[in-house]
Structure formats: structure tokens, C-alpha cells
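Participant: Going by my numbering, 78 is the number at position 20 of the sequence shown; the sequence numbering is gapless.
Source of the hints: derived by calculation from the structure; they are not laboratory data.
Quick caveat: nothing in here was measured; it's all calculated off a predicted structure.
No false leads were mixed into what you were given.
Label-pair ranges, simulated between beta-carbon atoms: (1) E156 to E225: 22 to 28 Å; (2) R152 to T236: 32 to 38 Å; (3) S155 to D294: 31 to 37 Å; (4) A265 to G172: 24 to 30 Å.
Where is the CB? At the ideal position from N, CA and C, for every residue including glycine.
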Amino acid sequence: MAELSTRGTAGLQVGRRDRAAKRRLVVMVHRSKAQIETGKAWQKLNFRSIYDHVPQQCLPWGREEIMSRKLKVFVGYDSREDIAWQVCRYSLLRHASEEIEVYPIKQTLLREVGLYSRGKDNASTEFSLTRFLTPYLAAHDGWTIFVDCDFLFTVDVKSILDQVSDEKAIYVVQHDYTPANAIKMDAQVQTSYPRKNWSSFILFNNAHPLVKALTPQVVNSETPAYLHRFSWINDDKLIGELPLRWNFLVGEYPKQDEVPAAIHYTNGGPWFTNWQNVDYGDLWLAEKDLYEEAIRADKSA
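Using the sequences and the accompanying hints, generate a full structural model.
Facilitator: Structure follows, in C-alpha cells:
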């Protein structure tokens, strides 16, 4: 595991704004240290990525020096579905042909460091709107993925980059459907709205000006509809379309002969008592077994 450098905090200026940035940095470091789980063989956390959240002017060196060139994947985290996040991350890392970075988007932590300040809402998940902070958190000009925690990956996620164009701002699977169930997950009411589930898997082109403009100020002030319907993209031609296999909605589409690349248990997965017999549920349970086996192996090593 990378050793945490102290030169970032030592190099911060003594101005009021810089002291605030330093406090945020310290909070991020200590909270991240406390949240490291076991699984050293398949999970590595580079503390330097924490510096991505500090304003450029507060750093004594360029952000490029500490930025990773790897694909970054941010997974929506919900405290009710911790095991879903763990299995999603494990499936991403297990199938990766190259090292990738996978991070949870935790609303509590984002609030603590001042990046998310909206009031409480009636959203079905804790990451309903924090997902749109993904490009800001990634802090690089490459491609970055956001994905809900209730996904299972069956292929190398980096292969998605073989089919993208730098001219697009984002890529999504452009679903057009009416939900088959009135209730989902743990008794949550199912809602229907334009472009539903487009935002459950987003491939962001962080170099695009419209993506760069998706700042915390925008995320904290605009309406949920504005964010989820991608109204911040002023030309629909800038929204690239991914094949269905990259966001296959279990229970909304017939089961496929070929296993999808990214299986989305959008109505509920096997980690919920009432959703044990869903399509591809056996694959998720098998991945969970592999994850738990890896945890046991690391603890006994």
C-alpha cells in the first residue's frame, strides 16, 4: 500500500482558504484510513488520490503528478446494500485485464468534506444525486465510469473503451421502457420518468467541456430531473449510446442467451430476501462466494 506523503499538507499556504482545504484533506485521509477493508491481495488504496479533492492552487505541485492514468470506476454506495457494493467491486477487479481504480461514492463522507450539501430527499438510494460528482472526484481528463452498486460485471470493464469517441460527452444505455414492477428492492416505490435508468451506468468523458462544467455547485443546486435527464448536455448528439449488454435490467428484459457484460439487478438482487430467484441471481451468488473466499484467504495469510 502506498505510504501517505506529508508534503501536501506541509506545502499548503497559511491563507484562510488554504487552511480550510487542509482541514478537508485531513478529514479525507483519516476517514479513508478507517474505511480500508481487508482483502489486500485484490484491493489497493492509493492515498495520493485523496489529494484530487484539494483545490489546485493549494497544492505545491501539479495535480498531473499525482493523478493516476488508470480507468477510474466510482460505485454508488448505500449503507443498506454494503454487500452489493462489495460484490460489484470484486467482480470489476476480478475481470480487469489491467489494474483499475474502484471507489465507493459515500454520501456521508461527501457531506463531511463539503462537496455535497443538499437537503434530505425521498430518493430510493443514498447515491441518487451524488453520482453526478463522479467527474469532479475523478479529477482527470480520461474516461471515468459511474455505476450503481447493484451491478455484477462478467467481463473486463475496460473493454468498453474500444467503442467510444472523444466527441461524446457521455455514453449510456438508452433504455425506453415502462417498469414491470410497482415495488422494488426493500419495499421502495417504483417510479417512471423520461430516460429512466440511463444514469445507473454512465461513462463520462472528463475532457469534455460540458462534463467539466458538472461541478459540485451544479450538483448541489439543480433539480434531480435536470441531472438525471442530462439536461446539462445541450445537444442529444453528445450522448453516446452503449449496447444493452452494458446495463442489462434484470426483470425488465427477457433473459439473454449470452450473459450480459454488466448485469443490473435494478428491482432487487439476491442480497434481498424477496429477490432470491431473479434472472442471473446464481451468478451474483457465485461471485459473492468468490469474494468471501478471498476475504478468508487474506485473513489467514
